[in-house]
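Visitor: Sequence:
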Amino acid sequence: KAFKDKKTLTEHQRVHTGERPFACTHCPKAFKDKKTLTDHQRVHTRERPFACTHCPEAFSSQSALSIHESIHTGERPFACTQCPKAFKDKKTLTGHQRIHSGERPFACAHCHKTFRSKAALTVHQRVH
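Start counting the sequence shown at 217; every next residue gets the next number (my numbering).
Be aware that one or more of the hints could be misleading.
To be verified - As a list, the in silico PhoX-like pairs of lysine-lysine whose alpha-carbon atoms are at most 20 Å apart:
#1 Lys222 to Lys248
#2 Lys306 to Lys251
#3 Lys251 to Lys220
#4 Lys248 to Lys217
#5 Lys306 to Lys217
#6 Lys307 to Lys251
#7 Lys222 to Lys245
#8 Lys307 to Lys334
#9 Lys301 to Lys245
#10 Lys250 to Lys223
#11 Lys334 to Lys304
#12 Lys220 to Lys250
#13 Lys245 to Lys220
#14 Lys248 to Lys220
#15 Lys248 to Lys307
#16 Lys222 to Lys251
#17 Lys334 to Lys306
#18 Lys223 to Lys248
#19 Lys306 to Lys248
#20 Lys248 to Lys334
If you're looking for bench data, these hints aren't it; they were derived computationally from the structure.
Could you put together the complete structure from these sequences and hints?
Guide: So, in structure tokens, the structure goes:
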């Protein structure tokens, strides 16, 4: 994979190393890049500077606004290469592609059952 600059490469490498050097001062969460930390901190301040031009909704991050705006436009720019389905955001496409690949990267620490998404694992963990 190629990167436009050293900063982008360093941020990408954190995906592999698990390093999260940007810690939130309000809660225990930490992030691999400063932008994600800044977006997260708006959860605590309730700041929503990204306003939808189609309705009164506002969001704490540009990416959340973009996903929301696809409700109004119907745009689904993230297409599956294995089937005709398309999605509003990359995260949903990635989760969908795991249906085709069989990948289940999220494992329960208690019973070792695996899941395609972190959300599904979180729901499952409530049974323990």
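Visitor: Any hints this thing doesn't respect? Which numbers, in order?
Guide: Violated hints: 7, 9 and 13; rest satisfied.
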